[in-house]
Amino acid sequence: MSAPARRPDAVQNRTRIVEAARAALAESHHVHLNEIAKRAGVGQGTLYRNFPNREALLAEVYRRDVEELVAAASALLTEHEPAEALRHWLDRVIDYAEIKYGVLAALEPTAWQDLVAHSQNPIEDALGHLLDAGKAAGSLRTDVDARGVLLLIAYLGRLGRDEWGSMARPLMNVILDGLRRQDPDR
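If you're matching positions, the sequence shown starts at 1 in the working numbering and goes up one per residue.
The hints are simulated quantities; they were obtained by calculation from the structure and are not laboratory data.
Hints are all accurate, no fakes.
Distance windows between CB atoms, simulated: (1) R64 <-> L152: 23 to 31 Å; (2) N34 <-> D114: 23 to 31 Å; (3) E81 <-> L150: 18 to 26 Å; (4) T142 <-> Q44: 53 to 61 Å; (5) A71 <-> A23: 16 to 24 Å; (6) G43 <-> L171: 36 to 44 Å.
The C-beta atom is built at its ideal place from N, Cα and C for all residues, glycine as well.
Produce the entire structure from the sequences given, and follow the hints as far as they go.
The following block contains the structure:
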């Protein structure tokens, strides 16, 4: 038996709650549900009807960010050549990672380990899609794979929150420059 369809206003409330939580996480790892309800313009009852606890809300923020990141890979390839699509996708990874660390810092270890385990393959597949397109176009190195690139990106997690804004994008550019195929005539 499938769940009943939600009313449009209920869907909008849920979306506003998730967006408010995401915005709050971008500012601080210490997020309180009453603050999120105020930001979303909903009452406590509406928030708890949608998310019975803080962990459920934070997990939904994380899941939606993963879904958007994964979907962006194909969309970016339709709009840009592969190396440029990869650059735009890596910019989104930085935004995603900033929120991801906020979510993971706010969750119990068993909860975040489950979230990370379920998101790893879709993200790796999306990155692989971008890398394969770049390899086929001749703009990206052929000796790298998605897992290796994700390992490099993971080191950005060592940046402190106060360093993130000034260092994450320059370091991601170093990774991207390393992925580009070099002209042997230079």
